[in-house]
Each structure stands twice: as structure tokens, then as C-alpha cells.
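**Q** Since the structure of chain A is already known, use the hints to place chain B on it.
Respectively, the protein sequence lines represent chains A and B.
Residues in the first sequence are numbered from 1 upward in steps of one, following this note's numbering.
Residues in the second sequence are numbered from 1001 upward in steps of one, following this note's numbering.
If you're looking for bench data, these hints aren't it; they were derived computationally from the structure.
Since this is a predicted model, take the numbers as computed values, not measurements.
For each residue, glycine too, the CB sits at the ideal point set by N, CA and C.
Treat the hints loosely; a few may be bogus.
To be verified - To give a feel for the contact side, a few chain A residues facing chain B, derived at Cβ under 7 Å: (1) Val-102; (2) Asp-110; (3) Gly-114; (4) Val-128; (5) Leu-129; (6) Pro-153; (7) Tyr-156; (8) Gly-157.
Unchecked claim - Residues of chain A placed beyond 12 Å of chain B at every Cβ, according to the derived structure: (9) Ile-113; (10) Ile-131; (11) Glu-164.
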Amino acid sequence: MAKYRDLANADVIGSGNAEALAELVDALLPILVDRLAVTGLGEIEVERNGATVRVRSEALGAVAATSVNRPATGTVHAGTAAPASERSADGVRRHAVRATAVGFLTLAKDVHIGAKISRGALVAQVEVLGIPTEVRAQHGGIVVTLKAATGDPVEYGQEIFTLESIGEVSK
Amino acid sequence: MIKRVLIANRGEIALRILRACRQLGIEAVVAYSEADADSRAVLVADEAVCIGPADVKASYLSAPAIISAALATGCDAIHPGYGFLSENAAFAEAVAAHRLTFIGPSAPILEKFHSKAATRALLAKHGLPTIPGSDGVVADEAAALAAAKRIGYPVILKASAGGGGRGMRVAQSEADLSRNFAICVQEAQAAFGDGSIYLEKYLSATHHVEVQIAVDHEGTALHFGERDCSLQRRHQKLVEESPSTALTPRVREDFLARAAKAIGAAGYRNVGTLEFLVGPDGNPYFIEINCRIQVEHPVTEVVTGVDLVALQIALAGGAKMPMKQSEIQARGHAIEFRITAEDPAHNFQPQAGEISAYRSPSGPWVRFDSHLYAGYEVPPYYDSLLGKLIVWGATRGEAIARSRAALRELEIDGVATTRDFFLGLLESPAFLSGSVTTSMLDEVGTAAILATVPRQPGALATAQ
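Just chain B, with the same shape it has in the complex:
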């Protein structure tokens, strides 16, 4: 169905999509900005096309440049990856208008699930428990205060058009809410072009779990288990694992089945993720949907053995769901670490510069999805993700032990990275016991985690 894909993204995900295309026997053309001319995806690709200057507005966020590049290179489909234009309904519509296949949900579906507030209401109607919140978008500060009074503090203000962990503010009290409301509206307007805000009860110190789902054109919806993404910093995920340590088997089975059923019935198509927070009662409550392939999708691939990017491309091409729910059996435990060019010792400040030396980890059940190579210049214009280390073990303990070995093997010189932070994390009692919550980093502190980074390789053997 799909013969030639324009990959409209960069970094590790461009490489990931390129690999999926090659495996499927589909031609791929990598679209890149001037700043990414030496990126690994461009070097590895059979074909690449420069779409604009470094500035994302004129390249990776430019719908005309990307669609024009697809037409100029004879592609019949566009894969948007994650971030950038991946969940942009107007882009998906323009892609379709040029008779190209958008690899993701179609424009009407993206439009339908664009509003977080409306999606919450829709999925609640289809049987998903949601966290107490405002009845859709709040019109003004007075309405927000009234809703918060009903819900009970603390509450979290969320941009209805937000995503990627941005556009959120927590209010502990009425005064707090009054102070933050206007700022939040302004920020949402500036960041997403839409100042709509809704409220939810804020659950601190909880588990963030999400369900990977896929739906074909006929509405056959399957789930691929859950991922626990509780370890976050400022709502940005750092570590993801599967299965979650926070769910009992019965709760798990129930919420996974419900999620797949609800999302199919609600009219969603292609791959996506439903995010939940685990309430004080141990049950997951739906918070939002991500209408794209996610950064952390390999965690699910490793435990289920399903190539989600290949599945996504097949579904976008009109294929029927090639498997049954009973055939998807999660096995063992997988953990992903997001290795970023950020300096944990200095407030995770983003880094740019040349990778002077690079050694990737490998070995049994170790996967490193990365676009790095020695001599690569990390450009200052884009996000700081350098690679994702995904490690599998028969048990969580085995996965952790293997992760330590893999992280030690990983060498990236030239920019500060989060590698050592993760080595410290793997010594932290909270992480080892599986009780990491969304507020763990605030409670423990980055400094405390960095202080436990083993100084010498030998020290690791006696830890834990």
C-alpha cells in the first residue's frame, strides 16, 4: 500500500522509522534541516532531502516545506514521528489533501481528540474512570475557582491543547489558583495557540501508567500492555518500564481491557497511548491521550515482541490488525532510560557540542536507539535526547542489573549527559523497591541521586 515514506523528523526517531521502512521493504526519504545535514539518519538513508534552515518553524514545523519535499521526492506517505507536527490536525489534513498518507490518525480523529478536556469527557462516556475535574474547559477564573472548590485542592491547571508535559501548573489553594490562572492561560495561548484551560484533582506522589493501543480501520482495538512512567522531572519522563510495579494483576487486566475497548468505541484509529494516574485506591484514572508513536514505545516492543512502528505504518496503509489480543503476551521486564544532553549537576541544563568519543552499550537484551556517532555535533536548536537505552530482563531485578552493566558501558564524551544520574538512580532504594512516584525526584533531589553514583566499577558489585 505505502511504497515510499518521507520521514519528517530527526534524531533517533528518524533512524527508528527508517529501520522500520527498510524492514518492510518500503523506500524512505529522510527530510532534514540544514543543521542536521550530518545527522546519522541522513548519513544512513538511501535518500535525504533538505527542507529548510535550522529554525524549526522553517523546517520540521513547516507543513508546506514537508509536503513539498514529499511531492518533490515522489513519496506517497509522510511519517511525522513524535513532537513537531505529529498530532497537528491541520497538517494531517494538508497531507491528505495532497493525496499523501499521513502515518498516524487521520485529521478528523486528531481534531476530535485534540481537546484534552473533551477527550476526557468522551472516554469517561466509554467507560474509563477519570480523575475528578472541571466539566470541560473553564471559562474564566471564577469558574476555575468554583470547580476547584468542588474538586478539592490541590488542583492542576492544564492547557486543553497542551502536550508533552508542558502547559501545566499546580495550585495548592484559592490564592494559588488566582495567581496562576491568568499565567497559565497566557502560557497556553503562547505555546499552543489556544488558551483553553481545564482543571483536575492533582495527585502528587503517584504512579503514572499508560496503555499502548492500536486500532485498525475497522475499529479493531488492541492493547499492548502498560508502561510505568512515574519517574519524571517537571512532567518530563526520564525512565519508563513495563510492567508497572503499581498495579495488582486484576487491576491491570481490567484497566488494559477497558482502555482498548473504550478507545476503539470512541473512534480512534492507528497507534496511540492512553495515560493514567494511579489513585489512592490503586486504580488507574485516565488523564490524557497521545495520538502518535511515543518516545518510550520500545519498552512495549521489548516485552511484547511487536514492532510498533512497523504496525503503525501497516495500519496507516489500510491493513487489518494482523494479530489477536490473545497473541500479545508480555514477557519479562523492560526499562528504558532517556539519555539526554543535559547536565544533571546543573539543573539539567541542555548541552550542545561535538561528541568527541562515543561507545554504545550492547550485549544480550540491550538495545540502544540512538543517532550518535563519534564526531557528531549536537546542534543547539532541538531537544536534547541523545538516545534511549532499553534493557530487558526475565525479572525486574535482572533488568536492573543488566541496566547497570549497559550504562557503565555507555560512553559519551564532549557533552554532559544523564548517564551518571541513571547509574545513581539504580542505587536508590526508592527505585529498587519499585516505589518510584511522580514526586520522587522532588523529594529525594537530584543531588542525592548523583551522590550515590558509584565511583568505581568495582563498587557496583556490592551495591544493593
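If we strip away everything but chain A, and leave its shape as in the complex, we get:
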């Protein structure tokens, strides 16, 4: 199963005092890490008293990135049909950044979990027979899940990573 780093991998967003936040994190983190391992989810987020604790597995992200090569189930294509953006109940918008061609991926240097990406930024390249095809972010946001890594083979439309924007635009 996935391995986890400690707090370095948990985002803490909120306006409460630092002590209250630390308490919340201490109380929730072991539970969340366990749950992450049991469910196989890539990420779990909990909101309490105006603060949000989010725990994410990087290892799982790497598993998802191998979709082109997996001994497939015939569902490799499923990703291409997914919507570009979806919005959760708490107003967080998620945007999939997708490969613009079939080939080998090179992520931009500044793309890592937690990185802030501005709209239109060059975030990756897909090399098609030695010729790079640009992947640009259609939305601004924070990188929350990496689903492919540099050197990975990717298919057209495959999700490379997920961006989240909070309260960016309300519509």
C-alpha cells in the first residue's frame, strides 16, 4: 500500500489560531492516514471549525500515471471522457490538466504538489517523435494530485495532474 510522509504532505488551510490548528491536525492525521491506506483513495479532506485538513498519497498518484502501460482492462480511455473541471460542495474547483498528444511526458520544473499554477502557464510537454507538444494550464490553481511523472508514456487526453482553485470564480 501507499506510503506517507508526515505533516509535510498535509495542507492546513484555515484562519483559526495556530494552536487550535495543531490540535486538529494531531487528532485527525492518524485517522486520515489510516483511512487513506484502507480506502486506496488518493486524497482525503476534512473540514472542522473553519479549518481544512487534507492528506494525500503521492505514491498512489504515481500508480495512476502508468495507465498507458498497464495490462489493461479496456478502460484506459475512461479519462478522456471526464469533464475538464468539476466543483465540489465547498466551492473548490478541480481542473484536470490533460495530455495534448500521445507520447512521452516531461513535466515543467515548477510542477509539484502544492505548486501554484497560473492560467496559460506551460506546465508540461509531450514528446511526439522528438517534437515537443505543449501542455498549458487552462485554469489557474494549486497542484493537488500528480497523476503522471516525467518520462511516463501518456495517451491523448490522459490526466497529468489535477489543479484546485478555491473561490477563484464563483461561476
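**A** For chain B alone, coordinates are given in the frame of chain A:
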């Protein structure tokens, strides 16, 4: 030799190639466009890779996308199927440059046989009778008029780089030729990127017969009998059968043997088809070559028992011809019907939409090569072939009777199809007597054929 094949095509042929790969114990990856994400080949495949959007230029016609997909998925060979890039020498060359095996003739061979005019001359040199025509490509209208005068009207103008029944125009007179020449050049330029035109004597109301051939790396060339593809609409084949009803046994044996000998000697490799028209003297005259596996290959498979796609893959992998000519014995009679999403009642207008209900025919000696399933959405971007019904009988009559039963069993709801047209055709005296010619549809008319579609299942028993 070949371990893992990228299938760079769609529809029924992608499925056909996938089946051949599995049978041979070769891994296969189906390349597909976004519009084909729910196609049956993708659903059935162990692995599939999306190569681009629906637009064929960015997917099935994109050499970089296809080769990149092959490399990304670890394939060592690419099967191009038919159409798309299957006869594209530049593509075959790029495939080879990336150390992948192109399943088909190599780039130099595709290049050599690319020009229809040059191929005609080459095969004539190797002993194939050809239809009187211009001496290669005609330079301009004046040269075309001069050639036509020598050949005699009517003539047919053909794009040297053309194929698939496109890029052809018939001229009945000098005025007709003058009017059509520039248009034909333009169309050829637009469709094939090459405006070269050549002329042939136009034979109307004739039989179109073709020879399936296969050649290994050492030049051992075999033929697998002929197919009669006379029933056409606007140069598009609708029905194919084997053997042809137009050839006497002696003519048949002679032209098949000559075709195999000529194509081997001319340097062709892998599988291919030589197309002929039957002249007024009852002899077939060579018109053109198809450097690929063809839509109608199952007709030959059914009468000879040879899996042509498997043979094609083996030959591309460097295998020696695994059989002798004497071992290929055609048996009985086979007919193929191309079931397309076209509305025969409305000028064969192509259809798209969801297949709301689907029931495929089956039973003894009935084969239905199709990518359909209930709920499948026929995309509007590609050709309209839905499936090929191939039926075998010990005699032509038995094959026809069995075809009627199979067509009645076939149910496709949601889009208009050519099924009923074929049920009508199987009541038509011209078809039943085996005297279908290339101009039959023009003479009889689609409406007349549709009018004879039996309304009730019981009516079929008394027909003929």
C-alpha cells in the same frame, strides 16, 4: 518475430486484426480517436491508447501520433488495416525508421506501386493483359484527347494516385473529356495531393474480378482465387462473391496463375489484390492493385480456409510462405454483403446515431464481422461500414438461400442501413442469375430493388 502490434485503425477491421493477433499469441494495442473511446475494439482490447481527437487528420491519419503511440506502448509493429495510412509509403518509411515493422508492403514497394499508371505498365511487362489506355500519365488535355482518340470512347479518367473507387470520371465524347479533364485533375490534386491523370477504355456493364495474392520475402507468390465485386454503386463495392460467375474454368485458372506469377516477378511483397475488368471476349484485363488487406478479404478466407490477416502478419514478420499453391483449394461459394449506415431510400445518405437495438445473425456458415453492439453510438466522422455479412454455401444457390435467412435475422435499429436493400437484391433476377455487372444498379435502379424487399418473412419462401 512480431510480439506486440499497434492496431492503427477502427471499426470492424480493428476487431478483425485484434482477433488475428490473439489467435497468433501476439499482444495487441488498439489505437483510437476520442470519438471511438466506446468502440467495440477498444472495449474488447487488452490495451488501448487514445491517439487524438475525432478529426482523422489528428488521429487515424496522423503518422506522428500513431508511431508515437506505438513507441509509448512498447509495440514492435503497426497494422494499418485498410484505408487511412495503409498504402502510404511515407508512413511505412517513418514506421521503419523507428525500427517498427509495418504490416504490409515495405515503403519502397508501396512507392513503386503507388502510381496506377506505372503499375499498369509494369504488370503488362510481366505478362498481364491490360485494358487499352494512355501510355502512362497524360500531361495535359491535348494529350488526353489524343490518347482517347486512339483508344476510342467512352474512356475513363483515373487519378494515378487514386484509390478506393475515388478520383474517376467517365467521358463519352471529346466534348465530355474536355469538360471533365480539368475537374478531374483538380479533384485528384485535392483528394490525393497528386493531379496525375491517366486514361483507360471504359468498359461499362462488365464484371469486376480481383485476385487475392500473397508474396513472402523470398518472392514466393501465391494466389487465393478470385472475388467478383461487380455490384457497385459509384465505384463503391456493395457485394463481393467467390468464385466469379463470369469466368470459364480455363480462363479462371489461367488468369489466376498469371496474376501470381506477375506480381511476384514485379517485386511485390506481403498481401495484395489485383483488380481486373472482364472484357467483351470473356478475359480479365488488369486495371489496378491494392497494396493492403481489403474489406472483402473474408470472402476468400471462407472459400479457401486461409486466415489472410494472420498470414499477412506472419509474412510481415519475415516468415516464409507456409503453404503451397496446390494446398489452396477453393471450396463452395461465398458472398459478402457490406452492411452500412446508409439510407438506400435516400440516395444512400450516411447515417449516424445510437444503435438502439442490435441482433447479429449467426448459424452454420454465417459470419458477421462487425463492431456493433446495442447502445453503440455510430460517430459521424468516419466511413459508414457497420459490418460485413459473409455467408458460405456448397453452391451459389445455397449461399443465396442462407444469405436471405441471415439478413432476416440481422436487426439494427436506430440508424437506416442497407440490410433491406440486400434482401431486395436477393430477389432480383439479375443477381440470382449471376449476371450482375458494374452498371446493374444504374440500369435497374435502387428504387426497383427496394420495391422487391419481401414485406413478410413468409413471402421469402415462395420467391425465386
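**Q** Using 7 Å as the Cβ threshold, decide whether A/Gly-114 counts as touching chain B.
**A** Cβ of A/Gly-114 sits 28 Å from chain B, so the hint is violated.
**Q** Can we keep the A/Gly-157 interface hint, with Cβ of chain B closer than 7 Å?
**A** 5 Å, holds
**Q** How about A/Asp-110: closest beta carbon in chain B under 7 Å, or not?
**A** Violated. Min distance 25 Å.
**Q** Holds or violated: is the Cβ of A/Val-128 closer than 7 Å to a Cβ in chain B?
**A** 4 Å, holds
**Q** Just checking, A/Ile-113 versus chain B, shortest CB gap more than 12 Å?
**A** 25 Å, holds
**Q** Is A/Ile-131 truly not at the interface, in the sense that its beta carbon sits beyond 12 Å from all beta carbons of chain B?
**A** Non-interface label fails for A/Ile-131: nearest chain B Cβ at 7 Å, not farther than 12 Å.
**Q** For the hint on A/Leu-129, just tell me whether its beta-carbon gets within less than 7 Å of chain B.
**A** 5 Å, holds
**Q** Next item in the hint list is A/Val-102. Is there a CB on chain B closer than 7 Å to its CB?
**A** 4 Å, holds
**Q** If you take the shortest Cβ to Cβ gap from A/Pro-153 to chain B, is it below 7 Å?
**A** 3 Å, holds
**Q** Let me know if the C-beta of A/Tyr-156 comes in closer than 7 Å to any C-beta of chain B, holds or violated.
**A** 4 Å, holds
**Q** Checking the smallest CB distance to chain B, is A/Glu-164 really beyond 12 Å?
**A** Its Cβ never comes within 12 Å of chain B, the nearest being 25 Å, so this holds.
Checked against the numbered hints above, the structure breaks hints 2, 3 and 10 and satisfies the rest.
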